[in-house]
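Protein chains: 2
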Amino acid sequence: MFSKTCEYAIRAVLYIAQMSKNGEKVSIKSISKGIDSPEHFIAKILQELSKKGLVQSLKGPTGGFYLSEHSKKHSLADIVKAIDGEKIFTGCGLGIGQCSEEFPCPIHNDFKVIRKKLFDLLQKTKVNEFNTQLEAKLAFLKKNHT
Amino acid sequence: MFSKTCEYAIRAVLYIAQMSKNGEKVSIKSISKGIDSPEHFIAKILQELSKKGLVQSLKGPTGGFYLSEHSKKHSLADIVKAIDGEKIFTGCGLGIGQCSEEFPCPIHNDFKVIRKKLFDLLQKTKVNEFNTQLEAKLAFLKKNHT
DNA sequence: TTTATAAAAGATATTTTTATCTTTTATCGA
DNA sequence: TCGATAAAAGATAAAAATATCTTTTATAAA
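Sequences listed follow chains G and Y, in order.
The opening residue of the first sequence carries number 1 in the numbering used here; numbering runs sequentially from there.
The opening residue of the second sequence carries number 1 in the numbering used here; numbering runs sequentially from there.
Errors might be hidden in some of the hints.
Remember, identical chains collapse to one label, so a pair may be satisfied in a single copy or spanning two.
Once the Cα atoms are required to be at most 25 angstroms apart in a straight line, the calculated PhoX-like pairs of lysine-lysine come out as [stated by the list, open to error]:
no. : residue 1 : residue 2
1   : K112      : K124
2   : K52       : K137
3   : K51       : K137
4   : K73       : K52
5   : K4        : K116
6   : K116      : K59
7   : K112      : K142
8   : K72       : K44
9   : K117      : K81
10  : K73       : K116
11  : K126      : K116
12  : K29       : K112
13  : K81       : K116
14  : K59       : K117
15  : K143      : K116
16  : K137      : K124
17  : K4        : K87
18  : K124      : K33
19  : K143      : K112
No lab work stands behind these hints: they were computed from the structure.
No experiment lies behind these values; they were computed from the predicted model shown.
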C-alpha cells in the first residue's frame, strides 16, 4: 500500500508523538529502537519530515525530535503525501496515465470509492491520537513488544 | 497500490479477454500495443501468468495468447495474488511483521475494513466482464485511445 | 521436411528503493 | 571557551523492481 519509507515515517511520527507529549525530545537511536527500523535510514527519513515541517528537531546534547503543537495536529495523510506523494489517492489503479472520468480504466469507478475511503480515513486520523493506546500497550509500533 | 508489473498484468489479461473472446489468439506485439507496455517486459509477465494457468498460449505461426473457459472466470484478485502476492490483502498497513488482532498496530482495525473492501471488489470482478465496455470504447486500457 | 513464426527461457542492463557510512554543523553543559 | 552530543548533509552501497536482449523450443503452413 505504502512504500517502506512511508511505513517507517508514520511509525516514527506516532512514536515521537507519544514519547514527546510532555515536551521531551526523542533521539534517533530511541526512535530506531522504538519502531524497529534501521537507524541511519530513519535518520534520513526524519531529515525529510523535518524539512517539510512535519516534525521538529534540535541538534546537540538534550536535542532530538519532537512535535510542535501544530505538528501534533497533522494527519496521517499529510505524512503519506510528504513521502509517497498523492499518487495513491489520485492515481489510476491500473497505472494508466490519463485515466479520467471521461476516459476511465475498467475499474475506475470502483477504485475511486476505495481510494476515497482510504484518504478520508488517513485524513481524519491525527498523529497524536494514539498516545494513550500506545502508552497502555493496546497498540504497537514494532513486532517485538516484549 | 499494485506494482507496475501487476498493473500491466491486469491490463494484459483484460486485453486478451476482449481480443480473444471468439477463439482468436493475441500476439505479444498486439498486447504490448493494446495496453501501451514495453514489449519484452509484458512478454515476461505473460510467461509467468501462463505458468500459473491464468492465461493460455500457443507457440508458432497463428499462435499467441488466449483464455480458456476456466481462465475467463478468474478474478482480478487471482491476478494480483499471482503477481504481488497476498500482502496487499493481509499485510499490516504500517509494515509491522507480527501485526495481529492480539497485537495490533494503531490503524489495524481501520485498515482491515479497507483491505476487505479492496479484496471483495477484486474478488467479485472477473476478467471477462469488461469485454463489451472495452469494445464500445466506454473503458480504456491505455492512455492513447485515439 | 523445411521454413517462418511466435512464445519460452535465460542472461543482462537499468532504474528505483532501501540502507549504510562519513563528515559537517548546531547546541548544550562543564 | 571547549568538549561532548545529536541531528543535518552528503556520499556510497546493496537490493529489488523494471526493462531489454539473445537464444531456444514448439507449432503451423507451405
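Here's how the hints hold up against the structure:
no.: 1; hint: K112 <-> K124; result: both (18 angstroms within a copy, 17 angstroms between copies)
no.: 2; hint: K52 <-> K137; result: neither (30 angstroms within a copy, 43 angstroms between copies)
no.: 3; hint: K51 <-> K137; result: neither (31 angstroms within a copy, 46 angstroms between copies)
no.: 4; hint: K73 <-> K52; result: within (15 angstroms within a copy, 47 angstroms between copies)
no.: 5; hint: K4 <-> K116; result: both (22 angstroms within a copy, 21 angstroms between copies)
no.: 6; hint: K116 <-> K59; result: neither (39 angstroms within a copy, 44 angstroms between copies)
no.: 7; hint: K112 <-> K142; result: between (31 angstroms within a copy, 18 angstroms between copies)
no.: 8; hint: K72 <-> K44; result: within (21 angstroms within a copy, 47 angstroms between copies)
no.: 9; hint: K117 <-> K81; result: both (16 angstroms within a copy, 22 angstroms between copies)
no.: 10; hint: K73 <-> K116; result: within (21 angstroms within a copy, 28 angstroms between copies)
no.: 11; hint: K126 <-> K116; result: both (17 angstroms within a copy, 23 angstroms between copies)
no.: 12; hint: K29 <-> K112; result: neither (40 angstroms within a copy, 31 angstroms between copies)
no.: 13; hint: K81 <-> K116; result: both (14 angstroms within a copy, 23 angstroms between copies)
no.: 14; hint: K59 <-> K117; result: neither (39 angstroms within a copy, 45 angstroms between copies)
no.: 15; hint: K143 <-> K116; result: between (29 angstroms within a copy, 23 angstroms between copies)
no.: 16; hint: K137 <-> K124; result: within (23 angstroms within a copy, 38 angstroms between copies)
no.: 17; hint: K4 <-> K87; result: both (15 angstroms within a copy, 13 angstroms between copies)
no.: 18; hint: K124 <-> K33; result: neither (28 angstroms within a copy, 42 angstroms between copies)
no.: 19; hint: K143 <-> K112; result: between (33 angstroms within a copy, 18 angstroms between copies)
When the structure is compared with the earlier hints, violations turn up for hints 2, 3, 6, 12, 14 and 18 and for no others.
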